[in-house]
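Engineer: Go by the hints and put chain B onto chain A.
In the order they appear, the protein sequences are chains A and B. Under the working numbering, think of the first position of the first sequence as 1, with each following residue one higher. Under the working numbering, think of the first position of the second sequence as 1, with each following residue one higher.
Because the hints were derived from the structure by calculation, they are not lab data. It is possible that part of the hints are untrue.
[Unchecked claim] Okay, derived cross-link-like pairs now, PhoX-like style, lysine-lysine, Cα gap no bigger than 25 Å in a straight line:
| # | chain 1 | residue 1 | chain 2 | residue 2 |
| --- | --- | --- | --- | --- |
| 1 | B | K311 | B | K366 |
| 2 | B | K249 | A | K176 |
| 3 | A | K129 | B | K366 |
| 4 | A | K176 | B | K517 |
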Amino acid sequence: MALLFRFLQAFALLLLASAVAAEHTSNWAVLVSTSRFWFNYRHLANVLSLYRTVKRLGIPDSQIILMLPDDMACNPRNAFPGTVYSNADRAVDLYGDNIEVDYRGYEVTVENFIRLLTDRLDEDVPRSKRLGSDAGSNVLVYMTGHGGDQFLKFQDAEEIGAWDLADAFGQMWEKKRYHELLFMIDTCQANTMYTHFYSPNIVATGSSEIDQSSYSHHADNDVGVAVIDRWTYYVLEFLETQVTSVTSKLNLGDLFDSYDESKIHSQPGVRWDLFPGGEQEGRLRTVVDFFGNVQNVEVENANATEPGSLKEDLAEIARLVERWQKRDEEYSAILGNSAQNSTEDLHSSTLNLKPKTTVGPSKMAEDNGWGKRLVGASVVGACTAIWVAGSILGRSSV
Amino acid sequence: MTTKTGDQESPLASQVDPQTSVSRVPPPETPAAVQTRFRVIAAFWAVIIFLGFPIWWKTTSIYRASLPLEEMVHWADGKTCRPVFPLEIHLSTPSLPYIEAQHLLRTTQHTLDDLNEFAAHHLRLKLANDTTGDHTGQDSSEHVNYAARETPDTALTVRLLPQEGLASPRSELHAATTQLDVFYPPSQIPVSSSSNSPLSTFIAAELQQLYGEEKATIAHILSGDTARLASTSPQLAEDISRRLRRSMKYAETYHLSFSLFTPGAEPSSWDIEAAVNEYVSPLLQALSPISNFTVDTQVQLYANFAPTAPKPEYDESEAVWTLKKEGLSAFVNAAEWPLNPSIGTGPTINFILYVPDPSQSPLVVKENSASSWIVPQWGGVFLLNPPLSNDEQGSRSNPAHLSLGSLGPAFMTFSHQLLTLLGTPSTPASLPLRLQTSIRIRAATLLLSASSTMGSLARLTESLPSIPIPATVATSVSTTLSHLTATCSHLREGRFGAALASARVAETEAERSFFEKSMVGQVYFPDEHKVAVYLPLLGPIGVPLVVGLLRELKRIAAKRKAKAS
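Here chain A stands alone, though its shape is the one from the complex (with noise of 0.2 Å):
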């Protein structure tokens, strides 16, 4: 009986062992739109739904990226000022007052999309248009817009290839930037963008095989153009319908399994064998580890007793409070008279707040003139002797 009692004890144990291997500690949500222009309603649409589908599930705001090249909501055009919506029937505003877009307009680059998955930004960049996801992190990468065979387009103006994308996602796993990656991606040819890919711990899934499109779902006839692209349009009826909330227990082999090529029109395509178990363990994975959000909240509760709890913790600081005091007067006594002032700039210096320093205009040009002057007289001195040259050369041979 007792053997039994052990041997379950450590069976248990195994599961727990496994379990926090498996787990992740945080999600981030990369949601990318490429594509411009009135006629590209939808591919802002795709965006936005799935934006307030990972916001449902509990992603906060400052760990969604969301890159929108153009703004559909405020475009002339638009029949319904203010609002976007993902289908005709117009039920759910996807614009709301609530949403936080990170990269806007022609910030959309090829460029800061490399920039932001392996985090090469400028010191002043603020953090909320930073991936800030790290060993833990589960991140979903999600892309819509035009694309050809291993290409994407940005903005009609440049394109990333599905090498840099993969060499992007590469640099991210070896500074343990992510823990796992679900990449989807909906446009025409959208298997082709992950055929790179060589990194651990990715998902891939795109909307339609080498040579194929990728259709538009439905038009809104007041709006005047499509509003959501099919394959988009069924991962989220799955995920609005399927998944209701961040307890679900569905997994991405429940999603997978949902796309139906008649409905799409085109055969989408999943690849697995990055994932370490392939197919069979990656299909485990639940829907939520990355379109939810993990957040063990830890409450404290004051009567607990343990070391390192709350009480223990409270009366270790109130003793450090009460000697740093003690501190404070032995030096203000050594002080004397100035006792009060002394105290008080003691307590302004512990306090390591940096003194503002007031930023006065500076000096825009970079201050080398004379090494410029160099090269400018170098330059000319160069094509004088050339010119002296040639002359010489010409008139020998003439």
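Structural biologist: Coordinates of chain B only, in the frame set by chain A:
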């Protein structure tokens, strides 16, 4: 001058020859024209080879500073440095003669070594020279300039005090200093003949227990999740991994942001400066060897819950408003509460003091009536329910001002939450000791993380041959490597404060080198792109040049042949 006259002679000669003018072929080229053409072609090619090609090469080549790749990979693989943590513990024996104290030390050390199963972390006993152990303890708990010290840091002072009327030894840990008092019955002093004694066994077991958690944590960090010490209980292991999960990622500077949120207009002011000075500064001072901190505060009135957040419910039996535990993660209205001040580079730790609306006061957590919780890797929340005042109309309102006294519990809790979020271990029950442990743990973490960044950078350099590597990266890498070496030797000699100081530099430089801004680029160009770029340029220029060169070569070859035959 001679060539000039020769040039002028030859066209004359060709004109007078009557035979060639009969057939309508163009007149043969004069040697002078041939020579001119040769010079022209040679000049063009010279410009291309000596000017064009180097410029093209220079402007299109990618600058890659050379990095000590092998060394970097060795650091990442742990081949260069095996971190060790020799803790020096002073044994102060005011009432024992030197010989006996020496003997006690030896037997205790022997027992300790037998108990230890994790070689990287071991305790070294040493007899304290001065008998005023109290002073040492006081000193090391305060902020000292670690880098300037040459001797190992004293982790703990054990003071042996004889006490009559005790059956077995007992110990007492000073909560405010790094001192452990051991009281023992005078009869238990080990005689020099015996190899073991109850007193030495007791001290060894006591020390072992004191550093158990630290040892397990360091073993966990050094070996990853898989290998754990056999003596670590599953409970402790779970605690440790939970703590590592919820603690913030290391940063050189943390911003502490204290915010007062309330759904109404009151309270609209708080004694925040005094409260921070009183309750937070001492802790920040104690934590200053580990990180820098900046503090900012804000008051936000009319702060509402998110529309999707679960509403508080009224609990009739307790006469309190309650929040369900599972709804707490939605408590913070991340979209509307201005909580992520984009200041500086470091992460922000948010502390929220929430004063509920008078109509919903008092507000507590449903499950255990707690009023505070920690959001892992983010910050903490405290629900403050100040005494309400009734005005003439009978409606209740919050006080307009929160005094220092009423903020006390909240700020003590914030201090505790700060300790937790920074990953301070929960044992032993003395704050200075816990902070010391924290220093060692941070040093180990940073050493590993900087080393692994070096490995990542080395692999990146090898796998992406077209990424530029500026000289600043090479500088940062060499700084990192030298500071890693320094960290390793400081650790070996037991100077943990100095080790942490250099590990911090190493980590900062390693991050800087990996996240170098210019090391980005659309690195991959497919071949058809290259053709598309170069063809319009090279087509019109290249064809005449190449054809000209070929014809000239042909002519020279023909001339050679003619000469030979």
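Engineer: For the pair supplied as a hint, K129(A) and K366(B), is the alpha-carbon distance within the 25 Å limit?
Structural biologist: Distance ~36 Å between K129(A) and K366(B) Cα, so the pair is violated.
Engineer: Keeping to a limit of 25 Å between CA atoms, is the pair of K176(A) and K517(B) held or broken?
Structural biologist: At roughly 18 Å apart (the allowed maximum being 25 Å), K517(B) and K176(A) satisfy the hint.
Engineer: Take a quick look at whether K249(B) and K176(A) sit within 25 Å of each other, Cα to Cα.
Structural biologist: Roughly 12 Å between the alpha carbons, so the hint for K249(B) and K176(A) holds.
Engineer: Would the hint linking K311(B) and K366(B) be met if the CA-CA limit is 25 Å?
Structural biologist: holds (12 Å)
In summary, the one numbered hint that this structure violates is 3.
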